[in-house]
Every structure is written in structure tokens, then in C-alpha cells.
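Visitor: What follows is each chain in one-letter form.
There are 2 protein chains.
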Amino acid sequence: METRDVVIGIDIGGTKTAFGFVDRQGGLLAEASIATEASQPAHQLVARIHDRIGEVRAALESKIRFVGIGIGAPNANYYRGTVEKPVNLNWGTSTNLVELFQQWYDLPVAVTNDANAAAVGELLFGAAAGMRHFIVITLGTGLGSGLVVNGELLYGHDGYAGELGHTVVDPRGRHCACGKQGCLETYVSAGGICRTVFSLLAERREASPLRAVSFQEMTSKTVFDAARTGDPIALAAFDETSRLLGMKLADAVAHTSPEAIFLCGGLAEAGELLLKPTLDYMNGFLLHIYRGRVKLLPSGMASGTGAILGAAALIWHQLDRPLSGPGFQPDAVSA
Amino acid sequence: METRDVVIGIDIGGTKTAFGFVDRQGGLLAEASIATEASQPAHQLVARIHDRIGEVRAALESKIRFVGIGIGAPNANYYRGTVEKPVNLNWGTSTNLVELFQQWYDLPVAVTNDANAAAVGELLFGAAAGMRHFIVITLGTGLGSGLVVNGELLYGHDGYAGELGHTVVDPRGRHCACGKQGCLETYVSAGGICRTVFSLLAERREASPLRAVSFQEMTSKTVFDAARTGDPIALAAFDETSRLLGMKLADAVAHTSPEAIFLCGGLAEAGELLLKPTLDYMNGFLLHIYRGRVKLLPSGMASGTGAILGAAALIWHQLDRPLSGPGFQPDAVSA
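Here the protein sequences line up with chains A and B, keeping their order. Residues in the first sequence are numbered from 1 upward in steps of one, following this note's numbering. Residues in the second sequence are numbered from 336 upward in steps of one, following this note's numbering.
Derived from the structure by calculation, the hints contain no laboratory data. Check before you lean on any hint, since a few could be wrong.
Unchecked claim - Some but not every residue of chain A turned toward chain B, in silico, with C-beta under 10 Å:
id, residue
1, ASN88
2, GLY179
3, ASP239
4, ALA254
5, PRO258
Stated by the list, open to error - Computed spacing ranges between beta-carbons, pair by pair:
id, chain 1, residue 1, chain 2, residue 2, range
6, B, ARG507, A, PRO232, 19 to 27 Å
7, B, GLY514, A, ARG205, 31 to 39 Å
8, B, PRO506, A, THR219, 25 to 33 Å
9, A, LYS221, B, SER534, 51 to 59 Å
10, B, GLY635, A, ASN90, 41 to 49 Å
11, B, ARG507, A, ARG52, 22 to 30 Å
12, B, ASP505, A, GLY130, 35 to 43 Å
13, B, ALA512, A, ALA302, 41 to 49 Å
14, A, ASN90, B, THR554, 53 to 61 Å
15, A, GLY130, B, GLN360, 37 to 45 Å
16, B, THR554, A, ARG204, 46 to 54 Å
17, A, ARG204, B, GLY514, 27 to 35 Å
18, B, GLY465, A, GLY130, 32 to 40 Å
19, A, SER303, B, ARG507, 19 to 27 Å
Please read these numbers as outputs of a predicted model, since none were measured by experiment. Ideal Cβ positions, reconstructed from N, Cα and C, are used throughout, including at glycine.
Next up, chain A with everything else stripped away, as it sits in the complex (with noise of 0.2 Å):
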């Protein structure tokens, strides 16, 4: 039997933590999730992911090899291969993740944030293939964003590069978990259309479903499922989450001038009711040399396995290329 090259991918959650093989061609060999227990140490779950992996290797009937290791992580450094002030993880200041799983693997290792992932992982496996020039928008709980330029995912000087959830809408706007006011994700994500929704009740007089709904029980899924019923409480919503996501899309668009930009995420399925509208805000707040040229697209990744095959394209992305490439080359590992 022949023996094939796989990562591991591995995608760490607040809550979950999920692996999976993955060969050169996005191949998913296996799967498995263990708790993060996101109160333990970094240590800990480390040990136990190892423990995990060698279990599902174990019960594999194909012959594989590791050959990497790629992994998504909130607060995650690539440069600095840290996870830092994570938010929902007990994990401190620092964490060299990178040194934690070289501990038990002889590898190499590499870790980013999930919507650098994402972003990677529309690159070797999903629907950018081929593009040197695009951008990613995750839209879950936050927005994240990856930015890939001259086919290379974009770290910037520190290896921050890409978070677009924080620029400016509104400098009084709504309060940010950051500590700002008025950041994107406050009002583009899955939680900043439950705020719009909160917003759109107090200030219009129209019946509606989600009238009945309170703010702990609000969910995207809620005012999804009750603009398709033609709600105009959630219509609305939804236009107006299309008109600043169109309206921030045009500055990142003048920024990097990308072919492309891939929305994925809980709030992107949604689909058309979201995309169409922000395409043609989008295209209104453009300067003229960008405007009706740039595609707005849904992930070409699958929904469920999207996070470890991100984690996974980020070491396969890095095992392709010369180490010393220039698109990777750190100038701030100490910064």
C-alpha cells in the first residue's frame, strides 16, 4: 500500500477543537473534535490533541506520513507562531504554540488566525485558486478578514496584517469588545445584525415576529429565517448590513485592488440576500477604475470542514514554497 503525505490541520475554538488529514489535493483522509476546555492550559490541550491524533491515525486503514502540522487559533501570530491574549481561552499574555506541538512532532508547524486560514485555504483548495490578488471576509460572531497579495497571504510588519472587523464606521458608534466604538463588526457580523435588529425595532413601528424575540435569543439564523418570509424588520436588516459592508469593501477594494472578495461564515449563508445588495453598495461607493470589476463570491469551501482545511492549506501553502520566499520572510519577530 502506498504510503501518502498528509497535515494535520487543526482548528481551536473557544469550545471545540478540530483536526483533521489532509492531503496536497484538500483530500479530508479523517476527522475528529475533542473539548477545548478553553479554562485548562495551552499545555493540556496540546497533550491531548497528540493523544487524539495518534488515536484516529491508529484506526486508519491508508498509510500516511505527517509532514506538517497548520493550525487556526484566535489572537494567533504567525510570524511569532503565538497565540496572545486570546479572549476566550485561559491561555495568559503568550503561548508559543508552534514550540508546544514541536514537542511531540518533528515537524513543521505554522499557525494564523482563522480568517488568514480561511483565506489560504480559498487559495490552495477552494474557489480562488489561481488568483494572486483577493480577500477573504469571515462573518461569524466577529468579521475577520484575510488579505492575500501577490499570492501570498499578507502579515504586515508585525503580523497583524488583515483586521478589517476593527476599521472605523462609526467613531460614536456602537461599542466594540475591543475597547473602540464603531468598528465594523459591531454592525457586519452575525452579532452586529441582531444589533441592527435591536436598533430597527426601537426606532420603526412595523409588525414583526422578531418583536417577540429577546437579545439573549436573537441570532442571525433568527432574522435570516424571518427576512425570507419578507419580515421588513429583518429586511431591512439586512440592507442595512449590506450597505456598510458594501461601503467598507470599496476602501479595502482601494486599498489592495483584489480580484476578488470571498465571503464565508455563519452570516454569509445567507446568500444572495446578503451578496447582491452589498455587491451593488459595494460598486456605488467604488472609485470608477475599480467599479464592476471586482466579484463578490461565496467560499468555495465547504461550511463544516472549511476551518481544518484552512489550517491545513496554511502548511501545505508554506511546504510548496522556498522557506526564504519573500512574502513570508519576518521583519518584526522581536517587536
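Using the hints provided, position chain B relative to the given structure of chain A.
Guide: Chain B alone, transformed into the frame defined by chain A:
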């Protein structure tokens, strides 16, 4: 006598076209200028530049060899070598400047817009030496920008990356020459600060020497001179300009995470009056991971010859690298 390799740096403006012979160290061996004659076709300008270059070369005492031509021009597209629909030149839809120059010179020729030329000038000959991620903002009639990522100018998918002057400050705001409303450059530029003065004169009641100046007569120099004498309207105009620039520079940082941002051009000559409050506002708008870590600096290029040196730097930078380098691979030459 030793023969020195030089490039010809050419800065084409609506009124004047300046050029100079620039060696690899940024030494300017000679410079001259001619009238652009904006109503004439481009090929006549190129022929006149060629004639004048010949005269300047003949008068030169040192022996030189031309190794390339770099051009900064309005609405230039690096990928295509063209100037497209320039507002202040009667050149039509698209003019291939590279081809026009190569009819006279068997040399590498490259063209880009003035802000991109300023950025690569800063990289090779200015204050950005050794930096891999930075942004140059030119504050003239409008607001231009050049983004450097991974040590290369960022052109994006279609050659037009870095149009921060047309990011949105206020979708219902000031009318812009581009046809949109509320673009950053309608607020932050030499023209923008004058408009802000008139808005403040309308809103407020303080006595001010600026009340004696007509809209046509007002320049950013008038505003700067008034601000230095403590005029409250002029100071408020600088404060508002700094606030909006700081806000949008914070957005720019959230895209590309630069090490530094350089301000150059006429309005930037206000120095600390603009730099200091802009830095304070920018830090206030920045996400905590960037706060206090991004430098805001004056240009390291001399204001008189910066445009020529920037244009020259464009082609020196290209000659320094393998021509197929990842930063310069066009992916949309026919777009």
C-alpha cells in the same frame, strides 16, 4: 574617466515635466524641465523630452550610460505601461508611454503614478530604507498613496492598488472630482483643508483674517500661515484634518499593518502642526494590537527633487530585482 550608470527619472505634471539623471545611490547628476503643453498629443511631449535630454547629456562633463527610464505620471498603470484618461492632459483614453519612450530609447521603461513613485523613492533613497511594509501619503491637490508590502510596491490585480484618497469618510459628504461624495481627499489634501476652513467660517463666529480671503484665493499655505499665528479657525481646520486623516490611516493600518506611514506633499509641509495631532488621533482609532507601534513620519525626500528621484527609483528598483520577481508579476495585463 569612469562611465557612470544612470537612469532618467521623469515627472510628468499637468503644467511642467521635470527630469533628471540619477545614479544608483540617488545622486542627481543633472536636472531640467520643459512645459508639458497639456493640449498636445503625448508623442510630441515625448519627442521634446528626448531632445531636451540630449541637450542636457551633451552639456554634462561626466561620462554616463543610460540604463533605464522611470516615469511618474497621473493616472498611470504600471502593468500596462499606460496613462489612462488623465484629467489634466489631452491624451485621450489610453496612452502607452512605455512604447512611446522605447521608440527613442532601447532601454527598460516603467511608469507609475506619482504617489507610487514617491513610495519607491522613499524605499531606495529616503527614510524608508530597509523597511518592508510602509505607506506613503501625498497631500497635494488631492490625496495620493503608495503601499509597500513585503518590500515591493503593491499594484494589486489591475495595477491600481492604493487609492486611499477615494476611501469613504462620509457617504453624504463633500462632492469629489471623481464623481463620488465624501472621499477622503475632499477633506484631507491642500484643497480639502481650504474647504474645511470655509465650512468652519460658516459654522463659527470667531474673528479671523481668513474671513477676508475668497475661496479662489485660499490655499493651504494661507491656512498654515494663519494657524502659526494662532488663528482659531485655521487651528480648528488643522485639527479636523488631522482627525479624519488619523481615522482613515487607522483603517489603512488594519489592512496592511505597516511599520511606518510617511506624509509628503504641500500640505505635509505644515510639519508637526499636522503630524502630531494626526498621530494622536490615529492611535485613538487603532486596534490595541497596533496602538503606539506605527510610526508617522515626514518624508525623507527633498521636496523639490523628490518626484524625479521617485521616478528614477521605480526603474532602479526594477533593475535591482529579477524581472520575474513575485512582486511584479502582472496578472491582468489585458483587463
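Visitor: Could you run down the list of hints and mark each one as holding or not?
Guide: Evaluation of the provided hints:
| no. | hint | verdict |
| --- | --- | --- |
| 1 | ASN88 | 16 Å, violated |
| 2 | GLY179 | 7 Å, holds |
| 3 | ASP239 | 14 Å, violated |
| 4 | ALA254 | 4 Å, holds |
| 5 | PRO258 | 6 Å, holds |
| 6 | ARG507/B - PRO232/A: 19 to 27 Å | 24 Å, holds |
| 7 | GLY514/B - ARG205/A: 31 to 39 Å | 37 Å, holds |
| 8 | PRO506/B - THR219/A: 25 to 33 Å | 29 Å, holds |
| 9 | LYS221/A - SER534/B: 51 to 59 Å | 45 Å, violated |
| 10 | GLY635/B - ASN90/A: 41 to 49 Å | 46 Å, holds |
| 11 | ARG507/B - ARG52/A: 22 to 30 Å | 55 Å, violated |
| 12 | ASP505/B - GLY130/A: 35 to 43 Å | 38 Å, holds |
| 13 | ALA512/B - ALA302/A: 41 to 49 Å | 46 Å, holds |
| 14 | ASN90/A - THR554/B: 53 to 61 Å | 58 Å, holds |
| 15 | GLY130/A - GLN360/B: 37 to 45 Å | 40 Å, holds |
| 16 | THR554/B - ARG204/A: 46 to 54 Å | 47 Å, holds |
| 17 | ARG204/A - GLY514/B: 27 to 35 Å | 33 Å, holds |
| 18 | GLY465/B - GLY130/A: 32 to 40 Å | 33 Å, holds |
| 19 | SER303/A - ARG507/B: 19 to 27 Å | 37 Å, violated |
When the structure is compared with the earlier hints, violations turn up for hints 1, 3, 9, 11 and 19 and for no others.
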